[in-house]
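Novice: Quick mapping for you: the protein sequence lines, in order, are chains A and B.
Counting the first sequence from 1 gives a position; the working numbering is that position plus 1.
Counting the second sequence from 1 gives a position; the working numbering is that position plus 266.
By construction, these hints were calculated from the structure, which means they are not laboratory data.
Short, incomplete list of chain B residues facing chain A, as computed with Cβ under 10 Å:
(1) K351
(2) K390
(3) I393
Please read these numbers as outputs of a predicted model, since none were measured by experiment.
Built from N, CA and C at the ideal position, the CB exists for glycine as well.
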Amino acid sequence: MNQLTKAISFLLVLLMISCGGNTENTQEENTISSRDEIRLKQYMVQGAKIYSTYCANCHQDDGKGLAALYPPLAGSDYLMEDFARAACIIKNGQAKEIVVNGVAYSQLMPGNPITNLEVAEVLTYVTNSWGNEGGLMGVKDIDKWIDACEEE
Amino acid sequence: MIRSEYLVFAILITLIGCTSTPSSDKLPIYGNKIFEENDTIYHTVEDFKLVDQDSSWVTNSTFEDQVYVSDFFFTSCPTICPKMKQQMLRVYEKFENNDQVAILSHTIDPKHDTVAVLKDFANKLSIKSNKWKFVTGDQDYIYDLGEKSYMVMADEDPNAAGGFIHSGAFLLVDKERRIRGVYDGTIDEQVDILLNDIEKLLREYEPTN
Chain A
2 MNQLTKAISF LLVLLMISCG GNTENTQEEN TISSRDEIRL KQYMVQGAKI
52 YSTYCANCHQ DDGKGLAALY PPLAGSDYLM EDFARAACII KNGQAKEIVV
102 NGVAYSQLMP GNPITNLEVA EVLTYVTNSW GNEGGLMGVK DIDKWIDACE
152 EE
Chain B
267 MIRSEYLVFA ILITLIGCTS TPSSDKLPIY GNKIFEENDT IYHTVEDFKL
317 VDQDSSWVTN STFEDQVYVS DFFFTSCPTI CPKMKQQMLR VYEKFENNDQ
367 VAILSHTIDP KHDTVAVLKD FANKLSIKSN KWKFVTGDQD YIYDLGEKSY
417 MVMADEDPNA AGGFIHSGAF LLVDKERRIR GVYDGTIDEQ VDILLNDIEK
467 LLREYEPTN
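Take the sequences, apply the hints, and build the full model.
Specialist: In structure tokens:
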């Protein structure tokens, strides 16, 4: 009996997922997605300001980095493959060598004196600019990720 | 009547305002001048001796018959230096094939920026060392050189990001070692002016017909 319920709910979930692309969303889903859209826009605006203050000197306004000194964020495999890791690096900096799009970078990155909300905003900005499409980075996720950061 | 006086005043102000961009093709000469008999002695960069990224000595004679752009930075600088290096790359790229132009970047953090660190930094920027020299030396000596010769400030400051406080200035030095231009090396538009001024300065050395 229990297994049957599980199977049915699994099927239901599958059905919901497969219908996700459908325009016939429920009222509730519409509200959530439009709320996220508005938040994404807010985060992009705030994130752009934070980016120009703390990040653009090295990573440049166009996110392309500088030669083999500072890695690119635009089209960066390293950034886009692990958002939690990216949040930790934004907050705490990075001292070890990393490989971005096949190139090794070893220049020290300092941590940034910003709140988790600001990390969410700037991470949203860099993962959704210059062709990157990472979607909204919610502050609840950031809280979780920052708490779980490895010690330097 | 009063109105026309105002007009004259306004024109005067405009004229005064324009003197900072003289219509002549010559760049200004910066620093104190000493007038001696019929001669004017201008401020010049004093004799110096530093080591570059290839462990070679760099002195004034390294830049003989060259104009050069000078700045002060450090490789681990998290604030304005990356922007300065990005802008200096514009100077490098524009005059890469012009033997009359060179670049001299002084580290203000010699304890960290050894020859090997500077070499690595230069390699990562993919630059040729005969055109763009990164130099190190005694810290006090470099600060002194910055202050007295290039009229820029650099100092250790544990409260500043990266531990140093310094100016983001680019200085244009002519073949007589005189300072002919001071630019903010973190601002695109200022470096546009510098690129233009280098050409203007080089024209001074072209034989007149």
